[in-house]
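Numbering of the sequence shown is given in my numbering, commencing with residue -1 and proceeding in unit increments.
Rather than coming from a laboratory, the hints here were simulated on the basis of the structure.
Treat the hints with care, since some could be wrong.
[As the list claims (entries may be wrong)] Below 30 Å or equal to it, Euclidean Cα-Cα: the simulated DSS-like pairs (lysine-lysine) are:
| # | residue 1 | residue 2 |
| --- | --- | --- |
| 1 | 68 | 102 |
| 2 | 102 | 27 |
| 3 | 27 | 68 |
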Amino acid sequence: MYFFVYLYHMLHFLAAEITLLENNIVVYKFAQDLHFFVTGGEDENELILSSVLQGFFDAVALLLRNNVEKMEALENLDLIFLCLDEMVDQGMVLETDANVIAGKVAMQSAETSSSLSEQTLTQAFATAREHLARSLLT
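Generate coordinates for the entire structure from the input sequences, incorporating the hints supplied.
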């Protein structure tokens, strides 16, 4: 937890979108009232981390219809978790193309029996947790 608090406070003073913090490369992007971070070990390629961040951000923007703000993100947190699930599996980057990621997430959400927009936040977390657990077990 200390790492994230320190990172948050430190980044307000930096103008760059990448930094090295406690032997971790941190790539970040701020959008309205949301902060997006991708971290990797100091031996990771910064361009790959940046590509992952940009792909994730663009996929989220597509799914949220370019309304990337905290309230919209909370209401669609299940879709955001599904984006992460489609991008990374057991620490390995699978996909960084935002259109492919958003398409797969939209397909998965369309297959659910009830509309995701009608679910409560608790139900959305449960759905996202199930999808994540299913992907980790396979």
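Okay, the hints, checked on the actual structure:
Simply put, residue 68 and residue 102 have alpha-carbon atoms about 23 Å apart, close enough for the 30 Å limit, and the pair holds. Distance check on the hinted pair: residue 102 and residue 27 sit about 24 Å apart at the alpha-carbon level, within 30 Å; holds. A threshold of 30 Å between alpha carbons decides the hint, and for residue 27 with residue 68 the separation of about 14 Å falls inside it, so the pair holds.
The structure shown violates none of the earlier numbered hints.
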